[in-house]
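Just need the whole structure built from these sequences, with the hints factored in.
Protein chains in written order, with numbering that gives the first Met the number 0: chain A, 0 to 155; chain B, 0 to 289.
Honestly, I wouldn't trust all of these hints.
Pairs of lysine-lysine, DSS-like flavour, derived with a Cα cap of 25 Å [what the hints assert, rightly or not]:
#	chain 1	residue 1	chain 2	residue 2
1	A	K37	B	K110
2	B	K112	A	K22
3	A	K22	B	K104
4	A	K38	B	K104
5	B	K179	A	K38
Stretch by stretch, here's where chain A covers chain B in the computed footprint (C-beta under 8 Å, at least three residues) [what the hints assert, rightly or not]:
#	stretch
6	77–87
7	95–103
8	156–165
Everything labelled a hint here was simulated from the structure, so no lab data went into it.
Virtual Cβ for every residue (Gly too), placed ideally from N, Cα, C.
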Amino acid sequence: MNINLTMIGQAIAFFIFVVFCMKYVWPPIMAALQERQKKIADGLAASDRAARDLELAQEKSAQELREAKQQAAGLIEQANKRAAQIVEASKDDARKEGQKLIEQAKAEIEQERNQARDALRAEIATIAVAGAEKILETSVDASKHNEMLEKLAAEL
Amino acid sequence: MAGSASEYIQHHLQNLTYGKLPAGYERADGTVLQDATWTLAHTGKEASDMGFWALHIDSLGWAVALGALFLFIFRMAAKRATSDQPGGLQNFVEVMVEFVDQSVKETFHGKNKVIAPLSLTIFCWVFLMNLMDLVPVDFLPQLFHLMGLEYMKVVPTTDVNVTLGMSLSVFALIIYYSLKVKGVGGFVGELTLHPFSSDNMFLKILLVPVNLLLEGVSLIAKPISLALRLFGNLYAGELIFILIALLPFWAQWALSVPWAIFHILVITLQAFIFMMLTIVYLSMAHEDSH
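Here it is as structure tokens:
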């Protein structure tokens, strides 16, 4: 229990140790701790953000899918409409074409009939004369009876 | 054994002392010194006759060695400190640092860069010094006896000089921060105008000596109690280990093991108390209004 210089020696050692601890031990450890805390906080924030981003992306993709579906439905509808239109139009065309053909055919028929009639008309005189000759057993002077024959032909 | 029991205890409680013996001093072996001499004390009487001008080489040596060990380990961890995945050593050091930092933050609310490292140093150092108490009492003294050193007290905190050296340093810090934060006037006012005060000027002056006595005693009591609490606990613990060591060797374990296990608690607790009281005293020094 002697009080002596040891006390002062201990105080000096204490002072040196505390200064060393304050300068070279405490700050690096504290810095590492704080940096890790920050890192963890940042990591948590980043994961939060990522989760939010994911949610947003999912929402967006769902919306886009919906839009795409709508668009596709619109397109299909349009195509259907268009197809119907085309069918209708082609039906129309066909009908018109048919009508035209029919008319053409009719015209041709008419024409042919007229030709046939003309040809008949041209030959009727001869046939009539021949017929009359047969009936009369005499020749008929065509020039004398021309007027009558022409009248007959016109009646046809 | 019975006759030498007190000698044995005395021997174990004697520090290895290096100091100055005056001229004309008759040493234990009968020689008389011609001049004042710096030398190792050969007996307890010589050591106490050296007076103030003596060093306890064992206490100081172990204290410095243990403090250096603490700083070496912590410095190594601090150098390699990384904010990524910490290794085992860094984990341990971080636990200690965070524990101390937490204790400081709970008690001390001001801004001070000294208190936290100071507390860490106190806690680890005092703990290590106390830990020497768990080394079997004869182990190291015998080793040093073989090396020719008569006395060897390996637990620095059983030396009142060591605990006083630390508590007086803390006391110096208390005074320093009191003066720094409150100013000389504020500090003197704190010592003289509390706890009794009056609106009457005359009465106020009359109460100054009373207040000064009360506050002065409580101020002085801080370092003394801080030092003696640690010293007393460890000294008593060491004494009991020494007493147990007087038993026959086959019976010692029955008492020394339970006492050692209990002592693990004591040494940690005493280190913690020393640290905690330092923080409390220093935070009191920082509080402006009483």
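Verification of the hints:
{"no.": "1", "hint": "A/K37 to B/K110", "result": "holds, 22 Å"}
{"no.": "2", "hint": "B/K112 to A/K22", "result": "holds, 10 Å"}
{"no.": "3", "hint": "A/K22 to B/K104", "result": "holds, 20 Å"}
{"no.": "4", "hint": "A/K38 to B/K104", "result": "holds, 22 Å"}
{"no.": "5", "hint": "B/K179 to A/K38", "result": "violated, 38 Å"}
{"no.": "6", "hint": "77–87", "result": "holds (count 7)"}
{"no.": "7", "hint": "95–103", "result": "holds (count 3)"}
{"no.": "8", "hint": "156–165", "result": "holds (count 7)"}
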